[in-house]
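Student: The whole structure should be built from the sequences, with the hints applied where relevant.
Single-letter residue listing:
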Amino acid sequence: GENVEQHPSTLSVQEGDSAVIKCTYSDSASNYFPWYKQELGKRPQLIIDIRSNVGEKKDQRIAVTLNKTAKHFSLHITETQPEDSAVYFCAARELTGGGNKLTFGTGTQLKVEL
Amino acid sequence: SQTIHQWPATLVQPVGSPLSLECTVEGTSNPNLYWYRQAAGRGLQLLFYSVGIGQISSEVPQNLSASRPQDRQFILSSKKLLLSDSGFYLCAWSVEVALNEQYFGPGTRLTVT
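Quick note, the sequences are listed as chains A and B, same order.
Just so you know, the first sequence maps onto residues 23 to 136 in this note's numbering.
Just so you know, the second sequence maps onto residues 4 to 116 in this note's numbering.
Derived from the structure by calculation, the hints contain no laboratory data.
Errors might be hidden in some of the hints.
[As the list claims (entries may be wrong)] Simulated pairs of lysine-lysine, DSSO-like, Cα-Cα distance not exceeding 30 angstroms:
#1 K93(A) / K44(A)
#2 K64(A) / K82(B)
#3 K80(A) / K90(A)
#4 K83(B) / K64(A)
#5 K59(A) / K90(A)
#6 K93(A) / K133(A)
Tutor: Spelled out as structure tokens, the structure:
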């Protein structure tokens, strides 16, 4: 099955700086890569996603890049704000077995300091 | 618009007691449904998924079971809870395989004492 690794596990940045979270996946057939943000005690929220036919996608201050050859994708947050503090999860859609299954990374705790 | 509900929101149960968590989706038909567990400070572990009524796939061996008695209802059960069953249980749905997006319910926080 699919295996997703995520780094770093914790990330601390100053407000206004950029943050980058990286993930690698193992199944070259995976074709969909979402990112979720989870605030303390709440459900994960889908913030951006990218499909394998696209190399980059941007939505205001967040962007995701995908390198299919290297099997890695990254989340970029620019001009970070305190409300960006949360745990971020990457995921990859596993094609085998059906059911639109996602395999998640282990999460990155982002802390934006004033 | 689609809405996903889970109840109860929190639950404290003694070891060895039964469990029933419910998830329902509104505003869509024939969704794919998922149960995840998140231990404290940990990632998301897929427990079960369902592509239709009565169709359940189990991802990990455990003392939990799932059922889908209706199109938009997904139930997570256990006959006897273990301490290790404590965690944040999240139900999720997706509309169709081609669309891929998966959305989570508000979750149930289970503490087994």
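Student: Hint by hint, work out which the structure violates, then give me just those numbers in ascending order.
Tutor: Of the numbered hints given earlier, the structure breaks none, since each of them holds.
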